[in-house]
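What follows is each chain in one-letter form.
2 protein chains.
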Amino acid sequence: MYALTSDLGDRPIARCNVLGAVPFSEDHDFLNRPYLTESHRKTLELVRMWMTAAGMSVRLDPLGNLLGRYEGTQANAPALLIGSHIDTVRNGGRYDGALGVMLGIETVEALSSVGRRMPFAIEVIAFGDEEGSRFPASMLCSRGIVGGIGEEALALEDADGVSLRQALLDFGLDPTDIAKAARRPGEVLAYVEAHIEQGPVLEARDLAIGVVTGIAAQLRLKARFIGEAGHAGTSPMGLRTDAIAAAAAGVLAVEQICAAGAPDLRGTVGRFLPKTAAYNVIAGEVEMGVDLRASNRPVRDAAAEQIKTRLAQIARERGVALEFTVVQDLPDTPCDPRLVRVMTEAVEAVGVAPFQLVSGAGHDAMAVSGLAPVAMLFIRCERGISHNADEAVAAADVALATRALVAFVEKLALENAVETT
Amino acid sequence: MYALTSDLGDRPIARCNVLGAVPFSEDHDFLNRPYLTESHRKTLELVRMWMTAAGMSVRLDPLGNLLGRYEGTQANAPALLIGSHIDTVRNGGRYDGALGVMLGIETVEALSSVGRRMPFAIEVIAFGDEEGSRFPASMLCSRGIVGGIGEEALALEDADGVSLRQALLDFGLDPTDIAKAARRPGEVLAYVEAHIEQGPVLEARDLAIGVVTGIAAQLRLKARFIGEAGHAGTSPMGLRTDAIAAAAAGVLAVEQICAAGAPDLRGTVGRFLPKTAAYNVIAGEVEMGVDLRASNRPVRDAAAEQIKTRLAQIARERGVALEFTVVQDLPDTPCDPRLVRVMTEAVEAVGVAPFQLVSGAGHDAMAVSGLAPVAMLFIRCERGISHNADEAVAAADVALATRALVAFVEKLALENAVETT
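First to last, the sequence lines map onto chains G and W. When we follow our numbering, the leftmost residue of the first sequence carries the number 1, and every step to the right adds one. When we follow our numbering, the leftmost residue of the second sequence carries the number 1, and every step to the right adds one.
Rather than coming from a laboratory, the hints here were simulated on the basis of the structure. Quick reminder that beta carbons are idealized off the backbone N, C-alpha and C, glycines included. Treat each hint with caution, since some may be false.
[Stated by the list, open to error] Mimicking DSS-like on lysine-lysine, the simulated pairs with C-alpha atoms at most 25 Å apart in a straight line are: (1) G/222 with W/275; (2) G/275 with W/180; (3) G/180 with G/275; (4) G/180 with G/222; (5) G/275 with W/411; (6) W/308 with W/222.
[Stated by the list, open to error] Which chain G residues stay away from chain W? Per the calculated CB distances, all over 12 Å, these: (7) 271; (8) 293; (9) 336.
[Said to hold, decoys possible] Only some residues are given here: those of chain G computed to face chain W with a beta carbon under 8 Å: (10) 58; (11) 148; (12) 197; (13) 201.
Bound-form chain G, shown alone (with noise of 0.2 Å):
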């Protein structure tokens, strides 16, 4: 039906080669590409570049969003959006969120490089700000596209001390404009995301692509162990009450309890930080960070129990304090099943064995729930690496995901004629 050329995976990649590099990058050494600079405009330069040649008619949204769109059969049809975010950050990969956005054009492409109309309007959208590298908050532009931005944002400051006000001036946009990038529930239809896994599960699957369920529901918790410091020659062994000792005992058990949990339960300690750092003195005080993620959150929060009841009985064994704060809490996003259901034929009709599984990381598509039903597709990346100048994905793999797309829209558009008629 389509020109199934190569393309289909050596062009995203290529595109976001070109763009993992300057003038595309604030800095040459390595990848990183804040919201609202000026390697941002000049990648919004070349994406709409590609969003036009593929048939889109582009325009930038007063929060920086760029917005290609492909109409359907009629005009001012609902719209499809597929896409994700296009800032990365400090030392970021080439992929993670612009892989997103060159397959939502390539798919595009795919439609209009044989005339193709949907009975409703395709708009491929790069997100500006998902990374939330610049100014303190994350998936402003997401959100924004939801109504969740409003003028107290404008106050938020970058490490320079300019306001995303003033960020948003210098780019060219009217700061007073910003809830005019909300999109009114009717003209979405739904949102597509498709993603590096930044995770080794397709990997170790043999697997190109995969269905996103949801993204898990995540909570942090901050232990605080609180023994009491001591000289580490003179303190015999029985009379410590020593903090380090305590949170490694607190580490395997948040390990071990995740381990023996469902398989999409994860638990992290990726913050230990103990107050003194000798080699002569016994810690007094450790702070332990604790990540907590499952797909659904009575999963997680059972879980947390089972961890805060350990950790408890860890510092009472060795008698020292506990303190407990819940740092973050979010809710899980499930994707629409129905979304689901005929994103999971795609991935079938295109020869990939279907393979479901849970997003650990947050992406758009949690903040763009709030507005229409989401679905997201994962593409196999190396190692899991993500977050990095190593991050890689495979030309075939990104072939079978553009594929995926259009059978998705495909059979989309099917679905909703049989509704429709």
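Here the structure of chain G is known, so what remains is to put chain W in place on it, guided by the hints.
Only chain W this time, still in chain G's reference frame:
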């Protein structure tokens, strides 16, 4: 025989308390008396007055050690040195070091007040530097009287870039004279140091004082666990090489091995330094510092071997790499067996159940053991707290310590008399 008034305990404490504040501290808010500072100079002026009042002739040696000499029955007899250090760490306690000097003065005062002379001289010594809190070297002054400080030490610089050479000049001393601080072996009969325990052992045994049999052998190992950093949300538990989890297992192994070992074996992980500290990043690397001490080297080294084996096993099982570095290796310093026996009898003579223990911390006696046989007496301190404003000792304990030192001197004189007859 002597007028054993409450002065024996109250006065040394009162003197330490006076020295615990300005002008004997560089800082108003906490005790800070580094080597060759204005607070050090003021301290020596006052200590000189106390030494003189106790019947001693006082001199400052070329390294800034203050020596008060109480002659024996014959002029130029070899001297029993009693002392400790007069410097403190930043935010130090009032008794660490200073109490040993005050107890030396108190001991001489007990003798001089009744006109009693020994067959040997007694020299009370206030070492200028033990803590190493000004220059990047410790025990400069006790090593100096052994002849262990050469010209090259003069180039050492403090945090402000002031060299030891300049600091000695500023203190009114001649840096070219430092070799003259060295004592000839024949001049020194023995060295006795009284010191707060800085640990909880005597308190746990309800004992005021204890006899030190030696200073522990110390070994410092750096272990570096190297896994691979990953995303906390996207990496399933089974596909991680989490350096924090590996190092946590290492902490518990060190603790378990040392708790199961000899009573004087101590193992501490006081340094636990992950390269990352984010909730959502699985740590790729942790540096862990292990401090190992035991009364003798074979016990310590056997524990070190056990620890290395277990850590290597943990690393293997978890698929992380492990590197070891020996950071410091100090042999043990046994106290002189004859002096230990005499001190034990002295403790018993003042009505305290004789108890022997190993010093886990380093002391000037380590350095002086290169010159003469050494002995140490430990004084119970509250909850083992030291290097801290909360350092506290009981007057009754200090009085017992003074009486034990006097008894020690008497017994030594008696034995020396017997030996020389």
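Taking the hints in turn, this is what the structure says about them:
Our distance criterion of 25 Å between C-alpha atoms is met by residue 222 of chain G and residue 275 of chain W, whose separation comes to about 19 Å. With a C-alpha separation of about 43 Å, the suggested pairing of residue 275 of chain G with residue 180 of chain W is violated against the 25 Å cut-off. At roughly 48 Å between alpha-carbon atoms, residue 180 of chain G and residue 275 of chain G are farther apart than 25 Å, so this suggested pair is violated. Our distance criterion of 25 Å between C-alpha atoms is broken by residue 180 of chain G and residue 222 of chain G, whose separation comes to about 38 Å.
Distance check on the hinted pair: residue 275 of chain G and residue 411 of chain W sit about 47 Å apart at the alpha-carbon level, beyond 25 Å; violated. Our distance criterion of 25 Å between C-alpha atoms is met by residue 308 of chain W and residue 222 of chain W, whose separation comes to about 11 Å. At the 12 Å boundary, the C-beta of residue 271 of chain G falls inside the reach of chain W, the nearest C-beta of that chain being 5 Å off. At roughly 5 Å, the least C-beta separation between residue 293 of chain G and chain W is not larger than 12 Å, which violates its mark as non-interface.
Here residue 336 of chain G stays apart from chain W, with its beta-carbon at least about 21 Å from theirs, past the 12 Å limit. A distance limit of 8 Å between C-beta atoms decides the matter here; for residue 58 of chain G the minimum to chain W is near 32 Å, and the interface restraint is violated. Among the interface hints, the one on residue 148 of chain G is violated; its C-beta lies about 22 Å from the nearest C-beta in chain W, farther than the 8 Å criterion. Contact between residue 197 of chain G and chain W, as hinted, is supported at the beta carbon level, the nearest pair being about 7 Å apart and thus within 8 Å.
The interface hint given for residue 201 of chain G is met, as the beta carbon of that residue sits about 6 Å from the closest beta carbon of chain W, less than 8 Å.
This entry does not satisfy hints 2, 3, 4, 5, 7, 8, 10 and 11, going by the numbered hints stated previously.
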